[in-house]
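Enquirer: Respectively, the protein sequence lines represent chains U, F and W. Per our numbering, the very first residue in the first sequence carries number 55; after that it's consecutive. Per our numbering, the very first residue in the second sequence carries number 28; after that it's consecutive. Per our numbering, the very first residue in the third sequence carries number 6; after that it's consecutive.
In case anyone wonders, no lab produced these hints; they're calculated from the structure. A virtual CB, placed ideally from N, CA and C, is assigned to each residue, including glycine. Among the clues, some could well be false.
[Stated by the list, open to error] Label-pair ranges, simulated between beta-carbon atoms:
(1) Asn678(U) <-> Phe142(W): 38 to 44 Å
(2) Gln648(U) <-> Val165(W): 25 to 31 Å
(3) Pro148(W) <-> Arg114(F): 33 to 39 Å
(4) Ile164(W) <-> Met655(U): 26 to 32 Å
(5) Val661(U) <-> Pro148(W): 27 to 33 Å
(6) Ile20(W) <-> Asn678(U): 29 to 35 Å
(7) Gly116(F) <-> Tyr677(U): 50 to 56 Å
(8) Asn678(U) <-> Arg114(F): 50 to 56 Å
(9) Val630(U) <-> Val165(W): 53 to 59 Å
(10) Val165(W) <-> Val661(U): 32 to 38 Å
[Said to hold, decoys possible] Pulled from the structure, derived: some chain W residues nowhere near chain U, Cβ distances all over 10 Å:
(11) Phe7
(12) Phe15
(13) Ser30
(14) Ile61
(15) Gly132
(16) Leu156
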Amino acid sequence: MELYLYIALFAPLVGSLYAALFSASPKSQHVGIVASGLLFTSFVSSAILLSYVLSGHIVHTEMMTWMATGDLYIPFGFVVDQVSVVMMMVVTIVSTVVHIYSIGYMDHDKGFNRFFSWLSAFVFSMMVLVMSDNFAGLFIGWEGVGLCSWGLIGFWYHKESATWAANEAFIMNRIADLGMLIGIFLLYWNTGSLQYDVVFAEIGNLPLVVTTWIGIFLFIGAMGKSAQFPLHTWLADAMEGPTPVSALIHAATMVTAGVYLVVRANPIYDLIPNVGIFIASLGAFVALFAASMALVNRDMKRIIAYSTLSQLGYMFVAAGLGAYWVALFHLMAHAFFKALLFLGAGNVMHAMHDELDPFKMGGLRKVMKGTFIMMTLASVALAGIYPFAGFFSKDLILEVGFVEHHYVIYTVLLLTAGLTAFYSFRLVALIFHGEERYKLFGIHPHEAYKFMLVGMSPLLILAIIAGSFKMTYYQLVINILPDTQYHVHSEMTYWIMTIGTQLFVIAAIAFAYKKYSNWNSVPDGTSKMENSFGYKLLWNQYYIPKFYEEVFSKPYAELSKIAWKQIDLKIVDATVDGIANIIYKTGENTRDIQNGNLSTMLRWMVVGLVVLITLAFAFTVGYNAVGA
Amino acid sequence: MEVTLTHYLVLSTILFAIGLIGVMRRKNLLMLFFATEILLNATNIAFAAISHYIGDLSGQMFAFFIIAIAASEVAIGLGLLIVWYKRTGKIDLDQMNSMRG
Amino acid sequence: MFEAIAFYLFAALTIVMFTITVMTSQALYAITAMAAGMIFISAFFFILGADFLGAIQIIVYTGAVMALYAFGMMFFDTTRNVVEKRTNPQIVFVLGTLAAVMVVAIFVAPIVSNNIQALYPIQEGVGNSQAVGMILFTKYLVPFELAAVMLLVSMIGGIVLAGKKMDKSLTLMKEEDIGSIDDGFEEIQAGGHH
Numbered sequence: 055m056e057l058y059l060y061i062a063l064f065a066p067l068v069g070s071l072y073a074a075l076f077s078a079s080p081k082s083q084h085v086g087i088v089a090s091g092l093l094f095t096s097f098v099s100s101a102i103l104l105s106y107v108l109s110g111h112i113v114h115t116e117m118m119t120w121m122a123t124g125d126l127y128i129p130f131g132f133v134v135d136q137v138s139v140v141m142m143m144v145v146t147i148v149s150t151v152v153h154i155y156s157i158g159y160m161d162h163d164k165g166f167n168r169f170f171s172w173l174s175a176f177v178f179s180m181m182v183l184v185m186s187d188n189f190a191g192l193f194i195g196w197e198g199v200g201l202c203s204w205g206l207i208g209f210w211y212h213k214e215s216a217t218w219a220a221n222e223a224f225i226m227n228r229i230a231d232l233g234m235l236i237g238i239f240l241l242y243w244n245t246g247s248l249q250y251d252v253v254f255a256e257i258g259n260l261p262l263v264v265t266t267w268i269g270i271f272l273f274i275g276a277m278g279k280s281a282q283f284p285l286h287t288w289l290a291d292a293m294e295g296p297t298p299v300s301a302l303i304h305a306a307t308m309v310t311a312g313v314y315l316v317v318r319a320n321p322i323y324d325l326i327p328n329v330g331i332f333i334a335s336l337g338a339f340v341a342l343f344a345a346s347m348a349l350v351n352r353d354m355k356r357i358i359a360y361s362t363l364s365q366l367g368y369m370f371v372a373a374g375l376g377a378y379w380v381a382l383f384h385l386m387a388h389a390f391f392k393a394l395l396f397l398g399a400g401n402v403m404h405a406m407h408d409e410l411d412p413f414k415m416g417g418l419r420k421v422m423k424g425t426f427i428m429m430t431l432a433s434v435a436l437a438g439i440y441p442f443a444g445f446f447s448k449d450l451i452l453e454v455g456f457v458e459h460h461y462v463i464y465t466v467l468l469l470t471a472g473l474t475a476f477y478s479f480r481l482v483a484l485i486f487h488g489e490e491r492y493k494l495f496g497i498h499p500h501e502a503y504k505f506m507l508v509g510m511s512p513l514l515i516l517a518i519i520a521g522s523f524k525m526t527y528y529q530l531v532i533n534i535l536p537d538t539q540y541h542v543h544s545e546m547t548y549w550i551m552t553i554g555t556q557l558f559v560i561a562a563i564a565f566a567y568k569k570y571s572n573w574n575s576v577p578d579g580t581s582k583m584e585n586s587f588g589y590k591l592l593w594n595q596y597y598i599p600k601f602y603e604e605v606f607s608k609p610y611a612e613l614s615k616i617a618w619k620q621i622d623l624k625i626v627d628a629t630v631d632g633i634a635n636i637i638y639k640t641g642e643n644t645r646d647i648q649n650g651n652l653s654t655m656l657r658w659m660v661v662g663l664v665v666l667i668t669l670a671f672a673f674t675v676g677y678n679a680v681g682a
Numbered sequence: 028m029e030v031t032l033t034h035y036l037v038l039s040t041i042l043f044a045i046g047l048i049g050v051m052r053r054k055n056l057l058m059l060f061f062a063t064e065i066l067l068n069a070t071n072i073a074f075a076a077i078s079h080y081i082g083d084l085s086g087q088m089f090a091f092f093i094i095a096i097a098a099s100e101v102a103i104g105l106g107l108l109i110v111w112y113k114r115t116g117k118i119d120l121d122q123m124n125s126m127r128g
Numbered sequence: 006m007f008e009a010i011a012f013y014l015f016a017a018l019t020i021v022m023f024t025i026t027v028m029t030s031q032a033l034y035a036i037t038a039m040a041a042g043m044i045f046i047s048a049f050f051f052i053l054g055a056d057f058l059g060a061i062q063i064i065v066y067t068g069a070v071m072a073l074y075a076f077g078m079m080f081f082d083t084t085r086n087v088v089e090k091r092t093n094p095q096i097v098f099v100l101g102t103l104a105a106v107m108v109v110a111i112f113v114a115p116i117v118s119n120n121i122q123a124l125y126p127i128q129e130g131v132g133n134s135q136a137v138g139m140i141l142f143t144k145y146l147v148p149f150e151l152a153a154v155m156l157l158v159s160m161i162g163g164i165v166l167a168g169k170k171m172d173k174s175l176t177l178m179k180e181e182d183i184g185s186i187d188d189g190f191e192e193i194q195a196g197g198h199h
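Required output: the full structure, derived from the provided sequences and hints.
Expert: Here it is as structure tokens:
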């Protein structure tokens with residue numbers, strides 16, 4: 055069993071290294087195939103491990119010692135328990151599909167080999183993150199995914215917007231990592247170890263205030279990685295990267311690492327329900343906040359990115375309210391249909407020659423049947439219509455909110471569900487229905503490669519049927535996650551809730567279709583609605599990026615400039631130059647000693663003699679005076 | 028009054044100083060050699076005096092060897108000086124600066 | 006008492022002589038004063054009971070070294086007064102004194118602290134020359150031999166540096182060629198007579 059663990063963990067690394075060998079060469083097909091093949095191996099190993107864990111066992115190994123200094127002992131240890139095997143399955147399935155998809159998507163890209171190297175490296179880091187059995191390993195995986203995300207967002211590094219977005223993502227992540235590090239330090243200081251089992255056993259004995267701070271700091275780390283407010287601006291800008299990257303990283307894996315952290319650390323959060331309430335409230339706020347920004351956006355990938363942000367809010371609501379298994383379930387289901395949405399968007403992008411404005415598309419269902427079906431079904435799953443996967447997970451979260459008497463959160467989430475349905479189908483309607491506005495721009499779209507569509511199909515299937523795994527999944531994870539059942543008190547309320555939610559969502563979908571399926575013009579900024587205050591506010595993302603730029607980026611840039619010009623140039627460089635100058639000038643001045651004149655030389659000889667004898671004398675006298 | 032070691036050493040000092048002044052002052056190479064001889068003689072006096080007052084013969088041996096060395100030094104020095112004179116026709120220190128650094 | 010008188014007399018004379026050597030601008034005066042100074046120094050050696058050393062001083066220093074200097078001086082044109090640029094006499098004076106004081110202080114330090122142990126003590130009843138001989142050929146044998154070799158080398162070096170017509174070897178030439186060496190001189194001398 056341990057063998058499968060190591061295969062699942064290291065196969066992506068091997069793929070990454072293999073691809074890295076060719077990273078400077080032009081595109082070679084075998085690189086993509088090898089990398090995808092290794093990913094598939096990892097998936098198979100994870101599946102074997104899943105069956106093993108389903109039968110009730112856990113695999114826990116220690117590969118080697120990393121640090122053993124004093125009281126600190128940190129090994130390279132890995133554990134495959136119920137929670138991590140679920141994450142492993144999600145990661146490997148989505149990664150394999152994305153790898154296969156990328157073979158077709160990055161077909162004409164010069165950096166084909168480099169892309170697979172980064173992509174597989176990312177998967178490796180993610181696997182380290184979810185399979186690690188201590189907080190230090192988690193942090194390594196955390197940083198690794200941050201780094202690979204930087205490399206992948208800024209993949210087309212010649213584009214300045216891409217590099218800027220990559221830096222923004224990485225820097226925001228790092229700011230949050232500071233919080234996480236403090237949390238980890240606090241954990242070590244108070245419990246003496248970073249191993250999950252030791253920490254969670256000890257955590258109950260700590261004073262509540264310490265536990266609260268630990269929970270807060272760890273959540274700050276999760277905020278950065280999962281793009282919760284106020285560290286959310288990087289997620290939308292991260293769409294500069296290639297679409298497979300968005301599918302893998304910003305839908306299914308990296309952004310869910312924050313949720314994974316909270317789920318994994320559930321013994322800590324169980325002790326501090328107040329922090330949990332805060333997390334849940336923040337999650338609900340983000341859900342609504344992101345959905346509102348997606349309503350008016352005209353960038354296809356950004357809409358889907360805001361959708362991700364919104365769903366992350368859902369996950370945090372569940373986790374914050376103590377329903378960890380619900381959060382994990384939604385994570386799983388969301389990964390499938392969101393990745394499918396992104397990959398479909400990639401197809402559309404390629405067909406429309408990288409055009410992202412859905413208003414410039416339209417009527418594509420005639421040309422791109424496969425993508426149309428996939429994106430529509432994915433959006434249905436996202437909206438939460440029975441019997442697709444989204445229904446089971448999202449409705450469960452709504453139930454949690456209701457049952458726990460957090461009616462405000464419940465209302466917010468319900469409203470967001472409606473908004474989600476609206477903007478998802480706004481997108482679908484604009485792209486695939488209505489007049490073919492793209493003809494105005496002379497674009498000739500065509501469907502993606504057959505194998506790409508075939509590759510995406512597992513996700514489609516999973517998005518449809520994942521709801522049926524609920525029971526199996528529940529039995530599985532309840533072994534280590536708190537068992538919280540949510541029963542609405544009366545059957546009536548339950549059915550009213552469920553049916554009501556469905557009707558609300560369907561109404562939103564219908565509204566979207568009615569408004570957008572017959573759109574026939576490209577808005578150019580002059581219509582009344584576009585100039586209304588609400589529209590402008592949403593369009594500019596509540597002016598938050600601008601605020602960050604004015605308050606943080608610009609002053610910091612000024613500070614850096616001052617530090618460069620005043621301090622670095624004038625002080626540091628001047629000092630170094632000064633030292634060199636002194637030596638040079640000394641040399642020049644003492645050059646006159648060597649003027650070739652014997653008389654002068656003799657005089658200098660006597661000077662030297664005097665100096666040396668003085669020194670000898672002084673030292674001898676001093677030595678005698680001290681020693682005697 | 029009694030002549031002690033100190034007197035001899037003072038004398039040696041004075042002669043050594045004279046020699047040093049000569050070494051630093053003289054621009055004529057031949058005169059420079061003279062000053063060097065004075066230095067050596069001053070130290071010879073010091074060695075002999077110490078040898079006498081301590082009762083050790085080592086000082087005299089030292090002085091003896093110094094004389095031998097001085098002799099050979101003069102031979103070679105003058106030989107080199109002659110060669111230089113034949114080449115350049117002057118033995119003025121201030122004009123000998125081809126070794127300028 | 007005699008010793009004191011002798012000491013002060015010779016001390017004064019030596020200092021005066023050497024000062025003349027260093028200060029005068031005429032080479033002939035300098036060399037004469039030098040030779041005189043050497044003799045007076047040997048007087049010191051005799052006062053101190055280093056007879057052998059004193060004799061050696063006269064023979065080697067005054068006889069050989071000063072003679073060598075005299076020959077050297079004849080070679081250079083010393084009727085011309087060498088004009089010397091006076092540069093900073095004060096510094097020179099100060100430096101010289103300072104250095105001298107230092108050197109002596111270093112020499113005196115071990116003696117003053119009464120730490121000296123005589124390695125080769127002077128034995129009474131044995132004449133100085135005898136004692137020197139005894140030590141020279143037993144304990145100082147190696148330096149003695151080395152000094153001998155060094156003198157040989159310097160002698161050869163002096164000859165090579167200063168000699169003329171060094172390309173012809175008299176011992177290797179035939180009889181008739183030897184005579185032809187002087188032909189050039191006769192012509193010059195003959196030319197001088199006319």
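Enquirer: Are the hints correct? Go through all of them and say.
Expert: Now for the hints, and whether the structure bears them out:
1. Taken as a hint, the range 38 to 44 Å holds for the pair Asn678(U) and Phe142(W), whose Cβ atoms sit roughly 39 Å apart.
2. Distance hint check for Gln648(U) and Val165(W): the Cβ-Cβ separation is about 30 Å, which falls inside the suggested range of 25 to 31 Å.
3. Roughly 36 Å separates the CB atoms of Pro148(W) and Arg114(F), a value that falls within the hinted 33 to 39 Å.
4. For the pair Ile164(W) and Met655(U), the supplied restraint of 26 to 32 Å holds, since their beta-carbon distance comes to about 29 Å.
5. Between Val661(U) and Pro148(W) the beta carbons are some 32 Å apart, a value that agrees with the proposed interval 27 to 33 Å.
6. Checked against the hint of 29 to 35 Å, the pair Ile20(W) and Asn678(U) passes, with Cβ atoms roughly 33 Å apart.
7. Our hint of 50 to 56 Å for Gly116(F) and Tyr677(U) holds, since their Cβ atoms are close to 54 Å apart.
8. With their beta carbons about 53 Å apart, Asn678(U) and Arg114(F) fall inside the hinted range of 50 to 56 Å.
9. Against the hinted window of 53 to 59 Å, the Cβ-Cβ separation of Val630(U) and Val165(W) comes to about 55 Å, which satisfies the hint.
10. Judged by the Cβ atoms, the range 32 to 38 Å given for Val165(W) and Val661(U) holds: they are separated by roughly 36 Å.
11. Annotated as non-interface, Phe7(W) keeps its C-beta farther than 10 Å from every C-beta of chain U; the closest such distance is 36 Å.
12. For Phe15(W), the requirement that its beta carbon stay farther than 10 Å from each beta carbon of chain U is met, with the minimum near 27 Å.
13. Chain U leaves Ser30(W) outside its interface by the beta-carbon criterion, the shortest separation being 15 Å against a cut-off of 10 Å.
14. In this structure Ile61(W) is separated from chain U by more than 10 Å, as the shortest Cβ-Cβ distance comes to about 28 Å.
15. Against chain U, the non-interface label of Gly132(W) holds: every CB pair exceeds 10 Å, the least being about 38 Å.
16. The claim that Leu156(W) lies off the interface holds: its Cβ sits roughly 26 Å from the closest Cβ of chain U, which is beyond the 10 Å cut-off.
When the structure is compared with the earlier hints, no violation turns up for any of them.
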